[in-house]
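Using the hints, position chain B against chain A.
In the order they appear, the protein sequences are chains A and B. Take the first sequence: its letters are residues 1 to 408, numbered as in the working numbering. Take the second sequence: its letters are residues 409 to 554, numbered as in the working numbering.
Everything labelled a hint here was simulated from the structure, so no lab data went into it. Do not rely on the hints blindly, as some may be mistaken.
[As the list claims (entries may be wrong)] Pairs of lysine to aspartate or glutamate residues, derived as EDC-like cross-links and limited to a Cα-Cα distance of at most 16 angstroms, are as follows: (1) A:K357 with B:E505; (2) A:K182 with B:D466; (3) A:K357 with B:E517; (4) B:K430 with A:E162; (5) B:K493 with A:D325; (6) B:K434 with A:E162; (7) B:K475 with B:E517; (8) A:K116 with B:E423; (9) B:K493 with A:D322; (10) A:K201 with B:E423; (11) A:K360 with B:E505; (12) B:K472 with B:E534; (13) B:K431 with B:E419; (14) B:K431 with A:E162; (15) A:K155 with A:E143.
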Amino acid sequence: MDILTKNWDKIDPLRIDSYTRTGGYGALRKAIREMDPEKVVAEIKMSGLRGRGGAGFPTGEKWGMAAKTPAKEKYFICNLDESEPGVHKDRAIAEKNPHQIIEGILIGAAAVGAKKAFIYINGNYQKQKEILEIALEQAREKELVGKSVMGSAFKVEIVIFEGAGAYICGEETALLSSIEGKRGEPRLKPPYPPVAGLFGKPTIVNNAETLANIPFIIKQGAKTFSQIGSSASPGTKLFVLEGAVRNRGIHEAPLGITAQELIYNSLYGGGMASGKEFWFAQIGGASGRLAPAGKLDQSLSYGPGEFPLGCGSILVVDKSADIKDLLFSWADFFHRESCGKCLPCREGTYRLWEIAKRIKNNDVSKRDKENIEEILWTLSNTTFCPLGNFAAVAWKDAMRMFSDKIFN
Amino acid sequence: MSLQKILLNFEPRPENLLAVLKKTQKENKYIGKKECEVIADYFSLPLARVYSFASFFDGIRTKKDDKKIIKICSGGPCLSENSKKVARQIEMFLGVEVGNDIHSKYRLEYMSCLGLCDRGPIVEIEGNIFERVKPETVDDILKNYL
Chain A
1 MDILTKNWDK IDPLRIDSYT RTGGYGALRK AIREMDPEKV VAEIKMSGLR GRGGAGFPTG
61 EKWGMAAKTP AKEKYFICNL DESEPGVHKD RAIAEKNPHQ IIEGILIGAA AVGAKKAFIY
121 INGNYQKQKE ILEIALEQAR EKELVGKSVM GSAFKVEIVI FEGAGAYICG EETALLSSIE
181 GKRGEPRLKP PYPPVAGLFG KPTIVNNAET LANIPFIIKQ GAKTFSQIGS SASPGTKLFV
241 LEGAVRNRGI HEAPLGITAQ ELIYNSLYGG GMASGKEFWF AQIGGASGRL APAGKLDQSL
301 SYGPGEFPLG CGSILVVDKS ADIKDLLFSW ADFFHRESCG KCLPCREGTY RLWEIAKRIK
361 NNDVSKRDKE NIEEILWTLS NTTFCPLGNF AAVAWKDAMR MFSDKIFN
Chain B
409 MSLQKILLNF EPRPENLLAV LKKTQKENKY IGKKECEVIA DYFSLPLARV YSFASFFDGI
469 RTKKDDKKII KICSGGPCLS ENSKKVARQI EMFLGVEVGN DIHSKYRLEY MSCLGLCDRG
529 PIVEIEGNIF ERVKPETVDD ILKNYL
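Here chain A stands alone, though its shape is the one from the complex:
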């Protein structure tokens, strides 16, 4: 069952007619003409759709919070700031079917009563930004965006906001701060953005992949959607396979699938690349846990589980890899991307990065070994936002599983 990738490479992303011919914007018409906003929110709630950015928060709950918060102004934001190593699924949606995201935004904005929407796009995604700009221009010409959407009383303007290379701005409150012209540092929650977000107004921040699911749910109904995937988290997901696997790239699969199947089934990964022997898989991007061969049989979905799915990226590591290089890769990323707001993360990621360099150069001391444990505990338990926790996840698994290879 394909929801997101169904029309990829079949439609022309630069022509709106190509999208409408496949039934595109039919869900928006249904949402505006046949349903009232409460009904739309209820439908999304019932579908069980959960946020695809990593946290897996129920989308309908979020919309409901913003919809029932009274305010003259509300905002709707599509989070397309993906910047975690190994994740490029939102880039692909923007590139191959931009109107699917725009239709999701429009339905969401109408449901919560937002008159202004932003697409917050990763500053490196220049080509995708241009595609979205063209798509928005065509949607404006067709009166799908603007003063009277489809001739109704609903009006909305969508603008593209371009980031400038900060991973933390994918965190929703940091994202809001950066739009407000403040350093992209996370804020204390509550209040949550649906209650008090951008400029203090109720704001929805949804991942682009989440929004791309909305047209299907509205058109086919929550019931159809909720029967796909796992019962705790229905629907399909874009998984990104990277590393020593035969078919690298993006694969759509129902949630609840196992990593085993994703890696070895010919529909998806197609097994290990020739000459490569499986060592472990990192599930959920650079912030994901490490799964050895014996643990690949666990189902991947949002909800409790040993291996959080995150944004759906799986890095397959083969036996020729050097764990020391990977430790450096993780530490290098998080030390650069720590925003500096809280000391445990700023200092912790920095010191971990210094130790990673020494590990790489086989120059690690006894004191370093003792400090690693201390730093990882601090990152896991005392940082202001989850970035600090993320920085420690893979390291903790690596220390437990491969300490003989790290300190040889």
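Leaving out everything else, chain B in the frame of chain A:
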């Protein structure tokens, strides 16, 4: 385009601040203290706020830098495509280690993921992005751009 002219294209609302910085950098290569003062004045914001905002982002430079900048992705997917060997080859070609800021003409740095993981290893030279770079081809690329 002068900074004054750039500012004319934007209303002084906070959500335009980052766009102004990016546009200014495109014209001016960096955003120095003087530019920050003019921008702060235009947006009626404290200078400290504008400067701290500008210095926050990887994509914004607050200092003049005449060195040519070469960056290589340090992410896991690029690593699995042999970015380590590519990095070593660049180090040998330029005669400078990654992260070691001693060369008078070049600066070689690791960078965060650009989202091009399916086309790694990724190398960026003076803002130009190169995909699927191999240790054998990197010398030619560098010769053309430096």
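* Asked: For which of the previously enumerated hints does the structure constitute a violation, in increasing order of number?
  -> Violated: none.
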